[in-house]
Amino acid sequence: MAAKLQGTNIVVTGAATGIGRATSLLLASMGAQVTAAARDEERLRTLAAESSSFSGGITPLRADLTQEADRAAVIAAAGEVDVLVNNAGLGHHGLVEDMPIESARELLELNVLTLSGLTKRVLPGMLARGRGHIVNVGSGAGFVGVPGEAVYSATKYAVQGFNDALRRELRGRGVKVTLIAPGPIKTEFIAREKTGAPADVPGSMDRGLPVETVSRAIRRALTRRLPGPHDHRPAHRRLESSRLRSRHATAHRPRHPRPREASHARRNPHRLTM
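For what it's worth, my numbering labels the leading residue of the sequence shown as 1, then goes sequentially.
In case anyone wonders, no lab produced these hints; they're calculated from the structure. The hints are all genuine.
Using 25 Å as the maximum straight-line C-alpha spacing, the simulated DMTMM-like pairs for lysine to aspartate or glutamate come out as follows:
1. K186 to E212
2. K4 to E50
3. K120 to D64
4. K186 to E50
5. K4 to E212
6. K120 to E106
7. K120 to D164
8. K186 to E106
All chains should be modelled from the sequences, with the hints used to inform the complete structure.
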């Protein structure tokens with residue numbers, strides 16, 4: 001499995017903490033060259049130091065990915081990108097009537113426009129080479145709206161829609177697209193303001209999935225054999241039966257039945273893994 005990632009050039013966003021941090025370390029340990037982008041420069045330096053003995057490596061890049069110039073700088077520094085992991089995201093807990101419009105705008109900017117902007121920047125190179133993989137980290141909140149997280153849920157619905165549309169656009173063109181949609185995570189999922197400082201969010205994520213579970217799902221998405229044209233098992237049976245699943249988008253993959261996903265989500269809001 002490690003051989004499949006040896007020397008692979010990967011960009012991971014939101015890499016200073018949580019899923020992004022765990023994913024960067026795991027992929028670098030398997031020989032990948034990871035460009036880790038985030039706002040928190042100190043944490044990025046610590047992350048890079050932890051990878052010093054790995055067969056791969058981590059290059060830390062401080063960036064405000066809501067800024068087009070910073071997005072361009074990250075992709076330029078990374079060079080020929082084989083894999084883009086769109087993980088950077090922002091949360092905000094509170095009722096809609098109490099939410100400042102600026103907070104809503106920040107959520108949309110980072111969770112949706114940054115993701116699409118980075119994807120746009122890596123696609124020309126991937127398409128020219130006839131290969132590449134884009135991993136979009138969504139959320140269970142993209143299947144079932146979460147009270148107190150209305151705008152956040154809206155952004156994650158947008159990620160799901162973006163992922164579905166993108167896979168159709170790229171069908172037969174050599175670039176794979178995967179959606180990773182975990183439920184609650186044991187992480188600082190926090191409304192991190194532009195300073196990078198954590199903010200308090202009501203409630204506990206102590207019973208959520210470990211971030212390492214999500215990072216392993218991303219690794220599996222990048223290394224496992226995808227369903228081929230002669231695999232006639234139902235699509236939902238091809239996906240691993242676990243608390244977290246990734247949805248692959250390939251030229252040969254039948255469309256996943258969305259009604260089944262929605263039904264599963266309503267029955268299991270805390271175990272959503274589609």
